[in-house]
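Undergrad: Following the hints, position chains R, S and B against chain F.
There are 4 protein chains.
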Amino acid sequence: MSSSIGENLRLTIFGQSHSPAVGMTLEGVPAGENLDFDVLAAFLRRRAPGQNAWSTARKEADAPEFLSGLLGNTTCGTPLTAIIRNTDTRSKDYSALKITPRPGHADFTAEVKYHGFQDFAGGGHFSGRLTAPLCIAGGICLQILKREGITVISRIAAIGDIQDEGELLSSTAGKNFPTVSDVQGEKMRALIAEARAEEDSVGGVVECAVLGLPAGLGDPMFDGMENRIAAIVFGIPAVKGLEFGAGFASATLRGSENNDAFALRDGKIVTETNRCGGILGGITNGMPLVFRAAFKPTPSIAQSQRTVNLQTMEEENLNIVGRHDPCIVPRAVPVVESAAAIAVYDALLGRRKEER
Amino acid sequence: MSSSIGENLRLTIFGQSHSPAVGMTLEGVPAGENLDFDVLAAFLRRRAPGQNAWSTARKEADAPEFLSGLLGNTTCGTPLTAIIRNTDTRSKDYSALKITPRPGHADFTAEVKYHGFQDFAGGGHFSGRLTAPLCIAGGICLQILKREGITVISRIAAIGDIQDEGELLSSTAGKNFPTVSDVQGEKMRALIAEARAEEDSVGGVVECAVLGLPAGLGDPMFDGMENRIAAIVFGIPAVKGLEFGAGFASATLRGSENNDAFALRDGKIVTETNRCGGILGGITNGMPLVFRAAFKPTPSIAQSQRTVNLQTMEEENLNIVGRHDPCIVPRAVPVVESAAAIAVYDALLGRRKEER
Amino acid sequence: MSSSIGENLRLTIFGQSHSPAVGMTLEGVPAGENLDFDVLAAFLRRRAPGQNAWSTARKEADAPEFLSGLLGNTTCGTPLTAIIRNTDTRSKDYSALKITPRPGHADFTAEVKYHGFQDFAGGGHFSGRLTAPLCIAGGICLQILKREGITVISRIAAIGDIQDEGELLSSTAGKNFPTVSDVQGEKMRALIAEARAEEDSVGGVVECAVLGLPAGLGDPMFDGMENRIAAIVFGIPAVKGLEFGAGFASATLRGSENNDAFALRDGKIVTETNRCGGILGGITNGMPLVFRAAFKPTPSIAQSQRTVNLQTMEEENLNIVGRHDPCIVPRAVPVVESAAAIAVYDALLGRRKEER
Amino acid sequence: MSSSIGENLRLTIFGQSHSPAVGMTLEGVPAGENLDFDVLAAFLRRRAPGQNAWSTARKEADAPEFLSGLLGNTTCGTPLTAIIRNTDTRSKDYSALKITPRPGHADFTAEVKYHGFQDFAGGGHFSGRLTAPLCIAGGICLQILKREGITVISRIAAIGDIQDEGELLSSTAGKNFPTVSDVQGEKMRALIAEARAEEDSVGGVVECAVLGLPAGLGDPMFDGMENRIAAIVFGIPAVKGLEFGAGFASATLRGSENNDAFALRDGKIVTETNRCGGILGGITNGMPLVFRAAFKPTPSIAQSQRTVNLQTMEEENLNIVGRHDPCIVPRAVPVVESAAAIAVYDALLGRRKEER
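First to last, the sequence lines map onto chains F, R, S and B. Residue 235 in this note's numbering is what sits at position 235 of the first sequence, and the numbering runs on without skipping anything. Residue 314 in this note's numbering is what sits at position 314 of the second sequence, and the numbering runs on without skipping anything. Residue 353 in this note's numbering is what sits at position 353 of the third sequence, and the numbering runs on without skipping anything. Residue 207 in this note's numbering is what sits at position 207 of the fourth sequence, and the numbering runs on without skipping anything.
A hint or two may mislead.
Heads up, the list lumps identical chains together, so a pair's fine if it works in one copy or across two of them.
[Unchecked claim] No farther apart than 30 Å at their CA atoms in a straight line, the calculated lysine-lysine pairs in the DSS-like style are these:
no., residue 1, residue 2
1, Lys187, Lys175
2, Lys187, Lys268
3, Lys92, Lys353
4, Lys98, Lys268
5, Lys98, Lys353
6, Lys175, Lys146
7, Lys353, Lys146
8, Lys353, Lys268
9, Lys187, Lys92
10, Lys146, Lys187
11, Lys98, Lys187
12, Lys92, Lys146
13, Lys146, Lys268
14, Lys175, Lys98
15, Lys187, Lys353
16, Lys92, Lys175
17, Lys175, Lys353
Quick caveat, the hints were computed from the structure, so don't treat them as lab data.
Extracted from the complex, chain F is given alone in its bound form:
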């Protein structure tokens, strides 16, 4: 089912941009896990709109209401369901989206798929709004993983053609605009401002690392850590590419350059380099699990674009009104972390079945 994912941990996401609520159900979290709702709220705020200059002006509280799965602040072993109410919805007329599909959006494909019955308001089920419940699930997993010594960090690796410099560190992840190099971060923000000024948008890359992983998580074939992470990351709107470790660059290397030699450090087996991104044969090797996701530029731009009117079946100009994020990447950072946390926690639960 397209709105559910996971084997040992099952996440289901529901809601549309303008339905009464969006939400999620998370099955499989064992009983007895204490949740800190302040920490969760702080995590969700990183994704919320209206926080700063580079995101849309729409302000939402995004405070989740938990409907089930808890006794006090502790999981009771049954499905966790939390919802976020959509407020101020249906306030304007979105019906044009049904007739003149926006380039780069799912308006046209939804019209075909749902035979015209789709909820088109605000992007419906395809809205970035649906990443809020993904972050609820991610935020829960992050708290549980942390108690197991596993942390997830990430950074903005690129905005447009401006790359971050230096290596991803835990300290980076705490920043408001998480880049290692503040100089590069400043250039990125300038590029976003420029795109906005030009009624345009810009894409970018998020890099994410999972630290503290034991070796032995994940499975061969279709449940490798790459497969598990890909299955969630490609569910984030606007992601068009994903690579692990050296990724596409490894395709240009010789085996002698790309192989990570095994070595001993303090009696522990490590690899001297980490071009495999901490994954061999789909299974973690104990080194940081590293991946990068490429985001296309926000398709909603103020510039006039060409589309086809589905009623008249004639080409025409489309002018999208309203304010949109000129760059989705900064707000996508916690969403990518959530995807990683969910995939890793599922693998961790699965690993327990193999313990002897």
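TA: Showing chains R, S and B alone in chain F's frame:
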């Protein structure tokens, strides 16, 4: 389960490099589909080793034996199971792999995951040999899709840092070494030969396109066409990156550059460009579905490498004997096509549930 | 995952007896299905408590709030989520259930399974309250099936040792206390009243039939119609037995008595009898699909019972206070219909994949 | 998928009665489990035909060949696949089954479902032959469970209207014709012989108990132990009813009679009676898990029967030639044990995820 994939079409792959057989079970193929076993055999030969200068010398018949699911040459609606016998197995001593894990291979992670009980001979369950049953399933799906007007083509887009030139065409796909530019193809083959001569290996990129797709296949969130293809492609050994349409390059573009304008051609809605790779919101838009998979260089190289002896817990040199593909990419081409065909046919079957 | 069921239609149920809400998510309903909420409300009222003399006095509105999946009254193709608020919860002290588990309830097994972290209030996740969201899903499926000419009817086949007489008819299903024989129905009600007066409870049997089914629904092996229905029906609290067609009685028959001869009626292939309950090889044969579910007596009784105090680890008497249904069977009738409707609609969606 | 079952342990069954082989793939068995193939062979012989007076004369070696998942006799953590070759198949003309469907068989429903493309020879995918691979999986699980102190025993509880007497014991399970009362067993055998002499068949009931289970296995709602067992047991051809503990009889009891009081025995919490069959709220309570499955009489009988000729669309007489089991129940005993073992082992693996 890690060896199974798919929702409407369920593929299960079994076997190890040196077990009595490898094989696959494909559930969900409707009754009444006629299979051409000569066409299937020809498809499997494209993946088989020992075909030419750039692959390993191991020769295998790779002729599948169908055990179930057929009445004559026609599917009868029950699970299709086919196996390929492994011959000449266990003929040499692989136990060193258990003690001195090869860099870039799953020897170490398998040792941890399976608590020392893994089948280490020839890479066990992690062997490229397991892509043979994947190609059986893929070959079946390709035949059925073709009757629906859907074809899958692909090319070697890069070997090392040598890129193919020109646009992927159906005619390319028929070539023995499928590149658009024969000049670039020649350079690629020279690079592979060079790597072999240097006791090294080299990686590359496969580009794949699905043509003739109707609009409306795939689902939002976790069952988008990207997710479905990624879930299988990352199950192919050595894949470390995947991108759709403009992929990582779209992250460097402005929205005005990246959006594909809708247009009319012969009364049909198309997009003027195809940077989205034929997928919007996870759903096909009727344009070619295009993706690229990055393969790391074959980790088995003849050069001496550093590893850790798991018995003595000391670092030591490892020399891998035997002959291996200096580049896996040419043989991976039909495997990538198989992944695409399986994902697309699953989506096509799922689409039927929505027809009114 | 234990709170989810279904392949083409995926139902997830969440909530505890005293959590903020109970609810359900139904994935896989195609876009364009119009829902009549008055019809749904009337269906839910059949399950609601406080309706009459034989059920608990607790009154609940049980009005579902739909959070997603709709555009107006019509499904939009995305997950349908509906919740029912739990009101007046946590108003009394349930902690005794944790210490002195009630015989016949899940208090003890929940304590073991959830390591003491279970939500014990009102039975938590094991409460009959969770059948309310099951009925939301069932009520939706019933409306869609009806448009396909498929109806689900049922009756109280037995209360205690009093059996209904005559054959299940559509007209029976409309009754307030659905028995074919009003005389037997009157005796059943008297038995329930007697059990209540004696501070005891009584069990019974619900018989259900699905009419108007096409031949060819369901699958061999593990997705037969029996398996599909069993997978849901045994999720209804208190069900301890299930049989199809002649069921356990068929075990006492000769083959010559039990086989249903094929015959022609108005050019249509039928069977002269229906001892197979409309299912052969797991697949519908076009005759009514008939099954019976046995419900144990409500375990909550006012009489004193023996249990073990988990704190002192001593045996002691337990007196359950509060009012409970002396017989759950009448309220279970629409729950059984829901289980049938969900299973049949899933099979019907699956059938579409096989159409040529 | 209809030929697969299980969540933590995934069983896939393939093959038709007259395809080259039948077989099974079992995913999820952890690495390091030693298998005794002599014990497995002895278990499979209990199901094999041609053993004695009450089964069909067809003799089959039924020796499984393991194709994958093992290193020597020990599981290596990857999918276990085993096949049994079908010999002497296609030796006669089965095409009449396609034209004149046998009452009580799946010939007619298969014709409709598979649009005439079904493999009709020997019952195809619906043949009891498919229980052989189910027993391979069951036999593997039984060996692993035994090492955990869990055993599965069963008996013939009834043949026709002759009931066994006394309580199911471990010693019963070892008998050739497993009844507690040898007197009743003799009567049952006489009834089978009588049915055979009259060119008829007879049904019966198998009772099964799982001993040594820890409390806490299974889940609420749809993954209760009842649901898990039902999902497999109803996949056994000819099963038409299933009940747990007191089952249908509990529907006739008062709560005060049916509730199992908790008590202490040697410091361990037990129940004084076991009418719940060891399951409360879907979860084991540490008492024996007990269930009974009702089998209809073998539909293949030598007596003339009425059917419809699908070509001429006229009613006609059908005479089935060949020898068939006059009673399938004795051979079904290990199949029922297999179903229980598979369901229990899956739950046991799932339980590990909840351990803290």
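Undergrad: Look at each hint and say if it fits the structure.
TA: Status of each hint after checking the structure:
1. Within a single copy, Lys187 and Lys175 get their C-alpha atoms as close as 16 Å, which meets the 30 Å cut-off; across copies the closest is 46 Å, which misses it.
2. Neither within a single protomer nor between protomers do Lys187 and Lys268 lie at most 30 Å apart by alpha-carbon distance, with minima of 40 Å and 43 Å respectively.
3. Taking the shortest alpha-carbon separations for Lys92 and Lys353, neither the intra-copy value of 51 Å nor the inter-copy value of 33 Å comes in at or below 30 Å.
4. For the homomeric pair Lys98 and Lys268, the shortest alpha-carbon distance between copies (17 Å) is at most 30 Å, but the shortest distance inside one copy (59 Å) is not.
5. Taking the closest pair of Cα atoms, Lys98 and Lys353 come within 30 Å of each other only across two copies (23 Å); inside a single copy the shortest separation is 48 Å, beyond that limit.
6. For the identical chains of this complex, Lys175 and Lys146 are intra-copy neighbours only, at 19 Å inside a copy versus 52 Å across copies, given an alpha-carbon limit of 30 Å.
7. In the homo-oligomer, the alpha carbons of Lys353 and Lys146 lie at most 30 Å apart both inside one protomer (21 Å) and across protomers (18 Å), since each shortest distance falls under that limit.
8. Taking the shortest Cα distances, Lys353 and Lys268 sit within 30 Å of each other both inside one copy (25 Å) and across copies (27 Å).
9. For the homomeric pair Lys187 and Lys92, neither the shortest alpha-carbon distance inside one copy (36 Å) nor that between copies (58 Å) is at most 30 Å.
10. Taking the shortest Cα distances, Lys146 and Lys187 never come within 30 Å of each other, neither inside one copy (33 Å) nor across copies (49 Å).
11. Within a single copy, Lys98 and Lys187 get their C-alpha atoms no closer than 38 Å, and across copies no closer than 50 Å, so neither meets the 30 Å cut-off.
12. When the C-alpha separation of Lys92 and Lys146 is checked against a cutoff of 30 Å, the pair qualifies neither within a copy, at 43 Å, nor between copies, at 36 Å.
13. Taking the closest pair of Cα atoms, Lys146 and Lys268 come within 30 Å of each other only inside a single copy of the chain (22 Å); across copies the shortest separation is 37 Å, beyond that limit.
14. Within a single copy, Lys175 and Lys98 get their C-alpha atoms no closer than 40 Å, and across copies no closer than 44 Å, so neither meets the 30 Å cut-off.
15. Neither within a single protomer nor between protomers do Lys187 and Lys353 lie at most 30 Å apart by alpha-carbon distance, with minima of 48 Å and 47 Å respectively.
16. When the C-alpha separation of Lys92 and Lys175 is checked against a cutoff of 30 Å, the pair qualifies neither within a copy, at 36 Å, nor between copies, at 47 Å.
17. In the homo-oligomer, the alpha carbons of Lys175 and Lys353 never lie at most 30 Å apart, since the shortest distance is 38 Å inside one protomer and 35 Å across protomers.
Of the numbered hints stated above, those contradicted by the structure are hints 2, 3, 9, 10, 11, 12, 14, 15, 16 and 17, listed in ascending order.
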